[in-house]
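Novice: Turn these sequences into a full structure, and let the hints guide you.
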Amino acid sequence: MTPRPLSFMVNGETVRLLVDPRRHLGDVLREDLGLTGTHLGCEHGVCGACTIRLDGEIVRSCLTLAVQCEGARVETIEGLSDSGEVADLQEAFRNRNALQCGYCTPGMIVTAQDLLLRHPEPTREEIREHLSGNYCRCTGYHAIVDAVAATAAGRTAKGSAAA
Amino acid sequence: MSAKLDTTGPTGLSELDRPNSYIGRSVPRPNLTRLTQGRGQYVSDVVLPRMGHVAFVRSPHAHARIVSIETAAAKAAPGVIAVVTGRELAGVCTPWIGVLTHLKGLKSAPQHPIAIEKASWQGEAVAAVVAQTRAQAEDAAELVAVDYEELPVVTDMETALDPGTPVIHPELGDNLAWERLHVAGDPDAAFASADHVIEATFGFGRHTGVTLEPRAVVADYNAGDGRLTVYQATQAPHMIQNILAKHLDLPESQVRVLCKDVGGSFGIKVHVYADEVATAALSKLLRRPVKFVADRIESFVTDIHARDHRVKGRIGVMNDGTITAFEIDDLTGIGPYSMYPRTSAIEANQVVNFTGGQYTCPNYRALARVVFQNKNVTCQYRAVGHPIACSVTEGLVDLAARRIGMDPVEIRRKNVIPDDAYPCQSSAGMKFERLSHQAALEKLLDMMDLEALRADQAEARRRGIHRGIGIASFIEVTNPSAAFYGVGGARISSQDGVTVRMDAQGSIHVASSVTEQGQGAEAVTAQVVATAFGVPIERVRVVTGDTDNTPYGGGTWASRAAGIGGEAAWQAGKVLRGNVLSVAGAILQAQAENLDIRDGLVVDAETGRERMPLDEVARIAYFRPDTLPPGVQPEFVATRHYVPKRYPFAFTNGIQGSYVEVDAETGFIKLLKHWCVEDCGTILNPQLVDEQVRGGIVQGLGPALYEHCLYDEHGQLLNGNMADYLVPMAFEMPDIEVGHVSTPTGESELGAKGAGEAGTAGAAAAVMNAVNDALAPFGVVLTSIPMTPERVLRALGRV
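Protein sequence lines correspond, in order, to chains X and P.
Number 140 in this note's numbering belongs to position 140 of the first sequence; there are no gaps in the numbering.
Number 726 in this note's numbering belongs to position 726 of the second sequence; there are no gaps in the numbering.
Hint data in this document are derived by calculation from the structure and do not stem from the laboratory.
Cβ coordinates follow ideal geometry from the N, Cα and C atoms, glycine included.
Check each hint, because a few of them may be wrong.
Said to hold, decoys possible - Under 7 Å between C-beta atoms, here's a sample of chain P residues computed to sit facing chain X:
id, residue
1, L212
2, R694
3, G695
4, L726
5, A730
6, I736
7, G739
As the list claims (entries may be wrong) - Estimated spans, in silico, between C-beta atoms of each pair:
id, chain 1, residue 1, chain 2, residue 2, range
8, X, A157, P, K312, 52 to 60 Å
9, X, H119, P, T639, 51 to 59 Å
10, X, S83, P, R624, 44 to 52 Å
11, X, L63, P, D225, 36 to 44 Å
12, P, V47, X, L63, 19 to 27 Å
13, P, E606, X, G34, 54 to 62 Å
14, P, Y552, X, Q68, 49 to 57 Å
15, P, K431, X, L63, 49 to 57 Å
16, P, P789, X, Q68, 44 to 52 Å
17, X, R4, P, E158, 35 to 43 Å
Stated by the list, open to error - Covered by chain P, according to a simulated footprint, are these stretches of chain X (three or more residues, beta-carbon under 8 Å):
id, segment
18, 1-14
19, 30-40
20, 46-57
21, 110-121
Specialist: Right, here's the structure in full:
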């Protein structure tokens with residue numbers, strides 16, 4: 001198994017690495033780049049904790065081989081936090097205590113942001129549906145749904161105020 | 001303080017109502033921002049120089065003698081540091097036996113960190129491979145050749161005690177780990193004279209915690225210092241320190257346990273796991289850091305499982321609804337060992353202790369038997385025993401009501417212990433200081449709007465849609481004293497300690513022996529200290545999870561962090577305030593008792609007028625002590641410990657309601673809405689309590705409907721992965737309404753009881769009763785969880 005060169009963009013920075021073809025993106029982000037905000041919960045694509053954004057689409061980093069990302073644009077919770085893109089979601093999660101242990105939270109926020117970009121005014125049912133690929137064992141989901149709904153309402157209000 | 005302490009109720013003015021009090025306010029947790037940004041530090045994130053990664057070779061058989069282990073090929077594999085068998089590891093680590101002396105007769109066999117003679121469940125570690133990376137360790141683990149001789153497997157708990165069943169540990173004589181018989185009143189006479197006796201057999205499937213962060217430990221033995229530093233996602237750092245020191249032959253002072261962010265615990269991370277001890281032993285053996293992070297498949301076969309109870313229940317009832325007797329026969333299978341050090345007999349013990357505990361009924365007989373089997377071990381998981389006791393009790397009460405044609409609400413109104421009957425004792429001998437079953441029931445009915453629900457149910461029924469309403473009241477054990485473990489000889493502290501210290505800028509540093517797993521213990525500690533001492537909460541910093549730097553204590557389990565750790569924080573904050581005020585008094589030439597600290601300022605207690613800021617007191621004390629009067633020695637640090645003494649446990653109570661829809665064609669159950677009223681005494685942070693209740697409810701709904709560790713007759717776990725083991729998803733869960741009654745405990749000044757397990761205690765029972773209400777027209781009753789579509793259809797006779 002010969003390591004392969006990999007060049008891709010991670011949170012706006014160009015990264016060049018040699019990686020074993022068998023390694024998944026989640027491990028490379030965590031172990032090679034120190035981006036430990038991407039959490040591994042099951043490593044078989046079910047729990048959603050490792051969700052990141054790859055060329056604008058949310059994917060499971062545990063089901064994505066790192067070598068598949070040649071030339072791609074990867075965004076993790078660290079990048080989305082520093083750019084301020086999800087600051088209102090994070091604030092809503094904090095105010096609503098929509099996280100307890102916090103292990104699912106980065107993936108949950110990445111997924112919630114994906115929903116809000118596609119559907120700015122989702123119903124509670126739509127929020128629940130979209131988040132169903134992200135497991136949370138602590139909250140029971142109610143507070144997460146509240147936080148996402150509050151963020152949507154906040155953005156809509158801001159949008160109409162600006163219009 | 002001039003205000004007199006008054007803990008009679010939440011509305012009475014008490015010492016908790018200090019100016020700028022944070023008690024009872026929904027203050028956001030200080031550590032959340034970091035966690036939302038992915039900037040937490042979980043044990044799986046910890047990396048140390050020279051760190052090796054361990055992968056365990058695990059038995060594929062449920063019961064097998066280890067004939068030989070061939071390690072040469074693995075040792076030669078790339079990156080491998082060491083391959084270690086159980087026999088080799090036994091040189092640095094002694095075995096243990098998971099028993100407690102107060103559970104009389106409880107027996108178990110010696111357990112090693114890595115199996116030596118035989119493996120006793122599928123997944124037990126039989127060898128360890130340490131390598132430069134986890135991937136290399138896993139590669140090499142596949143090269144370890146283990147020759148097994150398969151042994152007869154004991155899986156069915158119903159036949160575990162039969163004479164023909166093989167004995168898993170022959171030296172123990174049989175497969176009975178423990179049994180308990182409890183009799184109160186005269187159950188035989190009560191059943192004989194009852195108008196009706198109703199029987200049912202209840203089943204509670206094995207399930208597990210599925211913490212989203214798997215178990216993780218990094219052990220770093222520094223041979224230069226002779227010191228072991230362990231980063232571990234645990235609920236009980238001092239317990240782990242004690243256990244590792246004992247079995248690795250180190251003084252406790254040479255073991256430091258650090259617990260950083262923990263990705264979910266729920267009781268899963270309060271135990272001593274063989275592979276975690278093995279990791280520490282490997283670090284000592286190899287004189288370098290070793291990391292173990294369980295993968296998800298390992299989690300399913302080695303994280304403790306819970307429940308797996310079969311309960312035959314009986315209830316006696318009179319035509320007027322009076323309950324005359326309860327009887328249970330509980331059988332539970334715990335795997336091949338009693339877990340160390342808390343044992344695997346506690347859940348059965350709690351089933352005996354809690355069944356019928358909501359009711360005045362004095363006649364009770366309970367038999368509990370705990371048997372060994374070749375499956376993964378079971379042990380304490382959130383709401384230990386509660387869902388079982390609650391489902392049996394409340395299931396039987398509903399069946400009794402149905403038999404005599406009484407409304408489920410009315411039979412509860414008639415039989416719950418009245419709110420004015422306290423203090424009192426249950427038929428199982430549990431001592432209740434003060435509970436609120438009646439108030440909680442009435443509050444729940446208000447919240448549910450039962451009449452409207454009944455109307456909706458009837459309307460739906462006309463359309464052929466089967467909806468059902470269920471309620472279930474429960475008791476919950478919290479704030480345990482030494483009665484849980486200490487009296488049985490386990491070195492698990494029931495007291496907790498908090499140290500508070502004022503720094504040179506007047507900020508407060510708090511070190512608490514309770515731990516944070518996301519429930520908000522650090523936030524509540526900060527609220528309590530900020531209130532007791534008198535500073536804005538932003539000036540309080542809380543540290544937990546470090547045996548070198550916190551007082552000695554039990555940690556977080558059995559809903560104790562707020563009630564016990566919170567009280568220690570309250571007392572420590574008050575003492576520090578007194579210490580600081582005595583110095584301020586000396587500086588201001590005022591009597592300390594006429595001063596107070598409010599919002600970070602020293603003020604006149606009477607008028608609230610500012611006298612001097614705290615940072616000025618600190619500046620003088622730390623940098624110009626020469627200006628203080630002779631004999632004034634500032635002591636800006638205080639420690640207090642707390643443990644409840646009057647009652648062994650602070651019982652709480654509550655009641656839940658469920659509204660469901662059952663599809664009689666597919667067997668699917670849809671949760672339409674869920675309600676809970678609970679009483680945790682003084683509510684320190686309403687939002688955190690509500691979210692503990694909601695999260696707990698969903699951890700009860702999972703096993704009620706989906707979660708089940710399925711084993712075949714060979715002891716093979718059939719669904720040990722997240723795709724096949726179903727946990728609740730957002731789309732399946734209902735909105736959950738939470739309400740409160742507040743009956744503070746008079747034992748502490750704060751009056752707080754636990755809230756973390758209330759949700760889990762009653763959720764399954766409420767849903768089971770709702771499902772049976774929905775299915776009432778079909779004349780069928782479900783009494784086993786999870787209530788899968790298959791079980792629903794079988795009950796309906798459709799498959």
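Novice: If a hint holds in the structure, say so; if it doesn't, say that too.
Specialist: Status of each hint after checking the structure:
With a cut of 7 Å, the hint placing L212 (chain P) at the interface with chain X holds, because the nearest CB-to-CB distance is about 4 Å. At about 4 Å, the closest approach between the beta carbon of R694 (chain P) and any beta carbon in chain X falls short of 7 Å, and the interface hint on this residue holds. Interface restraint check for G695 (chain P): the shortest CB-CB distance to chain X comes to about 5 Å, inside 7 Å, so the restraint holds. Interface restraint check: L726 (chain P) against chain X, minimum CB-CB distance 10 Å, threshold 7 Å, status violated.
Look at A730 (chain P): its Cβ gets to within about 4 Å of chain X, closer than 7 Å, so that hint holds up. Because the beta carbon of I736 (chain P) sits about 5 Å from the nearest beta carbon in chain X, less than 7 Å, this interface hint is met. Against a cut-off of 7 Å between C-beta atoms, the interface hint on G739 (chain P) is violated, since the closest Cβ of chain X lies about 14 Å away. Look at A157 (chain X) against K312 (chain P): about 58 Å separates their beta carbons, and that is inside 52 to 60 Å.
About 53 Å separates the C-beta atoms of H119 (chain X) and T639 (chain P), a value consistent with the hinted range of 51 to 59 Å. For the hinted restraint 44 to 52 Å between S83 (chain X) and R624 (chain P), the CB-CB distance of approximately 48 Å keeps it satisfied. Taken as a hint, the range 36 to 44 Å holds for the pair L63 (chain X) and D225 (chain P), whose Cβ atoms sit roughly 43 Å apart. For V47 (chain P) and L63 (chain X), the hinted distance range of 19 to 27 Å is satisfied, since their beta carbons lie about 24 Å from each other.
For the pair E606 (chain P) and G34 (chain X), the supplied restraint of 54 to 62 Å holds, since their beta-carbon distance comes to about 56 Å. At roughly 51 Å, the beta carbons of Y552 (chain P) and Q68 (chain X) sit within the given window of 49 to 57 Å. A beta carbon spacing of about 53 Å between K431 (chain P) and L63 (chain X) agrees with the range 49 to 57 Å that was offered as a hint. Under the hint 44 to 52 Å, the C-beta atoms of P789 (chain P) and Q68 (chain X), about 38 Å apart, miss the expected range.
Between R4 (chain X) and E158 (chain P) the beta carbon distance is about 55 Å. The supplied range of 35 to 43 Å is therefore violated. Coverage of a stretch by a chain is defined here by at least three residues with a beta carbon nearer than 8 Å to that chain's beta carbons; for the segment 1-14 of chain X and chain P the count is 0, and the condition is violated. Given as covered by chain P, the segment 30-40 of chain X passes the check, having 7 residues with a CB less than 8 Å from a CB of that chain where 3 are the minimum. Here the segment 46-57 of chain X counts 3 residues with a CB under 8 Å from a CB of chain P, which clears the bar of 3, and the coverage holds.
Three residues within the 8 Å Cβ limit are the bar, and the segment 110-121 of chain X against chain P gives 0, so the coverage statement is violated.
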